[in-house]
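Fit chain B to the supplied structure of chain A, relying on the hints for placement.
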Amino acid sequence: MPSVTDTPSGPRTRTARPSQLFRNLNAKLASIPMILTAMGVFVGGTIWTVVYSFTDSKLLPRERWIGFDQYERLWGTNRWLISIENLLIYGSLSLIFSLVIGFLLAALLDQKIRFEDAFRTIFLYPFALSFIVTGLVWQWLLNPDFGVQSVIRALGWESFDFDPLYNPQIVIYGVLIAGLWQGTGLIMCLMLAGLRGIDEDIWKASRIDGIPMWKTYLFIVIPMMRPVFVTTLVLITSGIVKLYDLIVAQTGGGPGIASEVPAKYVYDLMFQAQNLGQGFAASTMMLLTVAIILIPWAYLEFGGKRRG
Amino acid sequence: MANPATLSAAVAAADAIPGADPGGPRGARPRRALSRGNVFLYGTLLVAALYYALPLYVMIVTSLKGMPEIRLGNIFAPPVEVTFQPWVKAWGEACTGLNCDGLSRGFWNSVRILVPSVILSIAVASVNGYALANWRFRGSETFFVILIFGAFIPYQVMLYPLVIILRELGIYGTLWGLILVHTIFGMPILTLLFRNYFTSIPEELFKAARVDGAGFWAIYFKIMMPMSLPIFVVATIIQVTGIWNDFLFGVVYTRPENYPMTVQLNNIVNSVQGVKEYNVNMAATLLTGLVPLAIYFVSGKLFVRGIAAGAVKG
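Protein chains in written order, with the working numbering: chain A, 3 to 310; chain B, 41 to 354.
Hint data in this document are derived by calculation from the structure and do not stem from the laboratory. There may be inaccurate statements among the hints.
These stretches of chain B come out as covered by chain A in the derived footprint (C-beta under 8 Å, 3 or more residues) [said to hold, decoys possible]:
#	segment
1	75 to 87
2	125 to 134
3	138 to 146
4	178 to 190
5	261 to 274
6	304 to 317
7	328 to 335
Below, computed lysine to any residue pairings styled on SDA-like, alpha-carbon distance capped at 25 Å [stated by the list, open to error]:
#	chain 1	residue 1	chain 2	residue 2
8	A	K30	B	L245
9	A	K60	B	R76
10	B	K341	A	A120
11	A	K244	B	Y195
12	A	K217	B	L81
13	A	K217	A	I103
14	A	K244	B	P296
15	A	K30	B	F177
16	A	K206	B	R76
17	B	K316	A	D163
18	B	K341	A	I200
19	B	K316	A	Q151
20	A	K30	B	V251
21	B	K341	A	K206
22	B	K341	A	R116
23	A	K30	B	E243
24	A	K244	B	T276
25	A	K114	B	A89
26	B	K262	B	I241
27	B	K316	A	N145
28	A	K30	B	P242
29	B	K316	A	F148
30	A	K217	B	L245
31	A	K114	B	G83
32	A	K244	B	Y92
33	A	K30	B	K316
34	A	K30	B	T239
35	A	K114	B	L342
36	B	K341	A	G241
If we take Cβ atoms under 7 Å as the criterion, some of the chain B residues that face chain A in the derived model are [said to hold, decoys possible]:
#	residue
37	N236
38	T325
39	V344
Backbone N, C-alpha and C define an ideal beta-carbon position, used for all residues, glycine too.
Just chain A, same shape as in the assembly:
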């Protein structure tokens, strides 16, 4: 499209030459919402938050600069440290399990099985549900008096102990079970699309060469699916940082503060504790986390080649 779109007002430019600004005016007008969102909200909002994280804003933002005090206080707060620890545990496990389970399910579904559509529908439906619904269902399933624990005890295994939602040591794993239930279907779907994109000839060639199937997957197919893995990786990690609703619904951050996460810390400090400065500092740390993951990825994806 370049040749046409670069001079969209072709014939008219000959007679009167309007200023550059008014060329392609309709397109510019139509892009105003995008420009406002990109510059005003995304860039402007981010800069604003970062700048105000260096103030001692309480109920309302104010410009009393205190340097890195908010960050010092943040990293000295037990609740924030627990939040970070939880996010690290939840994040790394969720990443590993999502990729492994997602890939295994996709590989199984890719074996020309019967009822593929039915299986896929079942694996993916939780993804349509909100984290609130997910959290509440699993809160009920993991209820120690009525849920899985009591059912298994009733079957005769009296000493069976599994009440993650009331045990600070393992509560984050209870959340993980729910999170995986909701999210792995999507990963499976993406992996399946990736597997379907692999040329059938690859399989035929490896079969002729007598390479066992698991080796074909491990050394040929998975390396070929690198782009899919990278996308899912970025998707999962950016989802993990946002983890909020699930915690609110399933545990409310409890027992005690055992299942707090950074996103909840930010919300609580900004809108409940009326300590805006702390909230800004904490959210800036969240931004930093995402940037650390995102910038190398963007560099790898877009750095070398120009893409339109």
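Using the frame of chain A, we list chain B on its own:
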């Protein structure tokens, strides 16, 4: 990685003679139904399916029992006596901390948020995508890249600046404020979706329309829009499920009387007052999940396409 190894037998058997005799019987070679590989394959899939399906089953079963039955029996047992009382109560009488008119209020709030948000966000994003695909101008790509990267910024970073923006506009706390927020945060993914789709439409159509004297809006309404119905459907699916399931924006940008359904659901179930009525809670949870579930089961492949388009290209 022992699992795929055991499968190899089954698959190798199935595909042993590809295209050996083109005139002969078509289709895959019939295989023995109970080979070891098959038992493993379907066994694993069934166990996985159980993990995914059980919560929905438990939700349904629990919501149809009376409280005495829940206290006595186990959660997986089907109801002895089916009652719809929990559903009635969840819809019309369940209490949050503030009021006792059930989920119905949240449902209608969600509908009133959903409809304008979906229409506005899709209208804005489709025109944006169209401008980006067919009417590029200096800087348009830069804005687009910023927009896409903005999608990865944690919402928490932009929560408070948006509060200020909405307050300046005088719509903080109202439904319109929330609608604007949904339009803003839906923009990256939708714009990407539309831009990619419009780019794939043959350029000759666009050129021909230009030659015939059609302008920006005429081409959009007479050519691009009618040709892009599938992508509009995909965008609608993404937005309806996304906005219906939203919790964070609902709780930050609206006042309690305007809370969407998810917020109200959470307030009902996690309310600390009174005796816990698990059957009502599950009925309420199901009610909230009903809209996205219905969309999921009805739209089927389009839903998959929507999330895949959004994810893979992102």
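Hints not upheld, ascending by number: 2, 3, 5, 9, 21, 30, 33 and 37
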